[in-house]
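Using the sequences plus the hints, can you model the full thing?
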Amino acid sequence: MSPELLKEVIAELNGRLCGGVVSKVHQPDGRDIVLKVFARGGQTHLLISTHPLFSRLLLTEEPFANPAVPKRFCAFLRSRINDSRIERISQVDAERIALITLQKGRGTDIETFTLRAELTGKSSNIILLDADGAVLDALRYFDEEGSARPVMPGVVLGPLPPGPDAAQKEAQAVTKSDAGTWNEAADRYYSGLIAAERSVLRRGKLLRACRGAEARCRRKLDNLNGDKARAIREQDYAAIGNMLLANFKILKRGMKEVDAVDYTTDPPATVKITLDERLGPKENCEKYFKRARKGKTALAMLEERIPATERELEYIQNLSYEIEAAETADDLDAAEEELMEAGYMKRDERASETEPIRRSTSSEGFELLCGKSGPGNDLIVKRYGKDGDIWFHAKGCPGSHVLIKVAGRAKELTMKTIEEAAALAAKHSKAANAARVEVIYTDACHVRKPKGAPPGTVTVSEYKTVVIKN
Numbered sequence: 016m017s018p019e020l021l022k023e024v025i026a027e028l029n030g031r032l033c034g035g036v037v038s039k040v041h042q043p044d045g046r047d048i049v050l051k052v053f054a055r056g057g058q059t060h061l062l063i064s065t066h067p068l069f070s071r072l073l074l075t076e077e078p079f080a081n082p083a084v085p086k087r088f089c090a091f092l093r094s095r096i097n098d099s100r101i102e103r104i105s106q107v108d109a110e111r112i113a114l115i116t117l118q119k120g121r122g123t124d125i126e127t128f129t130l131r132a133e134l135t136g137k138s139s140n141i142i143l144l145d146a147d148g149a150v151l152d153a154l155r156y157f158d159e160e161g162s163a164r165p166v167m168p169g170v171v172l173g174p175l176p177p178g179p180d181a182a183q184k185e186a187q188a189v190t191k192s193d194a195g196t197w198n199e200a201a202d203r204y205y206s207g208l209i210a211a212e213r214s215v216l217r218r219g220k221l222l223r224a225c226r227g228a229e230a231r232c233r234r235k236l237d238n239l240n241g242d243k244a245r246a247i248r249e250q251d252y253a254a255i256g257n258m259l260l261a262n263f264k265i266l267k268r269g270m271k272e273v274d275a276v277d278y279t280t281d282p283p284a285t286v287k288i289t290l291d292e293r294l295g296p297k298e299n300c301e302k303y304f305k306r307a308r309k310g311k312t313a314l315a316m317l318e319e320r321i322p323a324t325e326r327e328l329e330y331i332q333n334l335s336y337e338i339e340a341a342e343t344a345d346d347l348d349a350a351e352e353e354l355m356e357a358g359y360m361k362r363d364e365r366a367s368e369t370e371p372i373r374r375s376t377s378s379e380g381f382e383l384l385c386g387k388s389g390p391g392n393d394l395i396v397k398r399y400g401k402d403g404d405i406w407f408h409a410k411g412c413p414g415s416h417v418l419i420k421v422a423g424r425a426k427e428l429t430m431k432t433i434e435e436a437a438a439l440a441a442k443h444s445k446a447a448n449a450a451r452v453e454v455i456y457t458d459a460c461h462v463r464k465p466k467g468a469p470p471g472t473v474t475v476s477e478y479k480t481v482v483i484k485n
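Numbering of the sequence shown is given in the numbering used here, commencing with residue 16 and proceeding in unit increments.
Hints are computed from structural coordinates only; laboratory data are not their basis.
Mixed in with the good hints there might be a few duds.
When the alpha-carbon atoms are kept at most 30 Å apart in a straight line, the in silico DSSO-like pairs for lysine-lysine are as follows [what the hints assert, rightly or not]:
| hint | residue 1 | residue 2 |
| --- | --- | --- |
| 1 | K464 | K410 |
| 2 | K420 | K484 |
| 3 | K401 | K479 |
Written out as structure tokens, the structure reads:
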């Protein structure tokens, strides 16, 4: 984010957030911090990102992951600045550094903190300082040996060392519309860049999985074809067995080889045949017949496995083409799910990026979950839905399952949040473009997945209905 754009954004943030209260801190990944702030106009989310290419500070409406276990820095921030009040937001000397001044407590027992956002590309950092400018904690640590400026708990923070000038392309790319704000313009701009980067990375990851699966499949096919060639050769052992039977009278135990006459040729020819000296004549004949039968059995099996492997190879190649041609995140989600179902990618339950669920927050602060696919809908019903949570689905048509996480919260659920969740269920359904969509909702305890049913299929014992008008 350029200093010029940061200046415009901070001016708007001061008007919007000063006096607001930080109600929760989230850390969706290793480089972003999101502050949930209640201020004039309601709840909003302030994003501080240390992305090496797209470091930024702005209000965002983009959904973000909320890991079940907070990371170290997130947990520390929660312990210090949850329920703190934003006093002001300022910029340091027209640089890409923002200071968020926070106060916590009442009367004479007030603590002052500064959350410092250094939006300097690869060296970006987020640092929490006390009233004396000492580091309490930071997203990234730098010790005295490895950095010109140490960033460690207890160290008084020094000035940022000069870095190379960065080309500020967004200074020209981000333009504010007449009806919008600089925050909205920056959020749109960076959301597009992040989405494009994420799409490229995901597409590359899926294509690598496809290439690996294709390479394994080709090796398997080569091995099977080699086995087939051996099986065909082994069928020739039946002719050797018959030749030994035709020369049975000259066979004796202890012979290592025999010059047998092949009576199938004209004129008959002499053929040298290797024998097992430990076996008698009958056993040596049977040994060759057994190898021939084994080759015949293997050949029958291989004639089934080779075409099946060829079909699998064609399937992988088609899947690779679909990934290359994917236009939306949902297309990539579907391809990733297909790769995992086929066993070409491992499932990582810990990685929120691979979990087929959209997460967002209602205007009143309730967490909303929305399934992206059949397996995602199953997760909502089987893993996340607890008694007291509210489940939604567009009535009578395919669509995503939506869940309001209510269980264990003291805050009372209102019709406003119910309508927001219902609108989300309508939006992610086959009836999304209809003028009027009926959405059913009920306590999660009334929703069950029948045993053996396809992904996303449930039974609902009782429900209410709300109508969403588009």
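Hint-by-hint comparison with the structure:
no. : hint        : result
1   : K464 x K410 : holds, 17 Å
2   : K420 x K484 : holds, 24 Å
3   : K401 x K479 : holds, 18 Å
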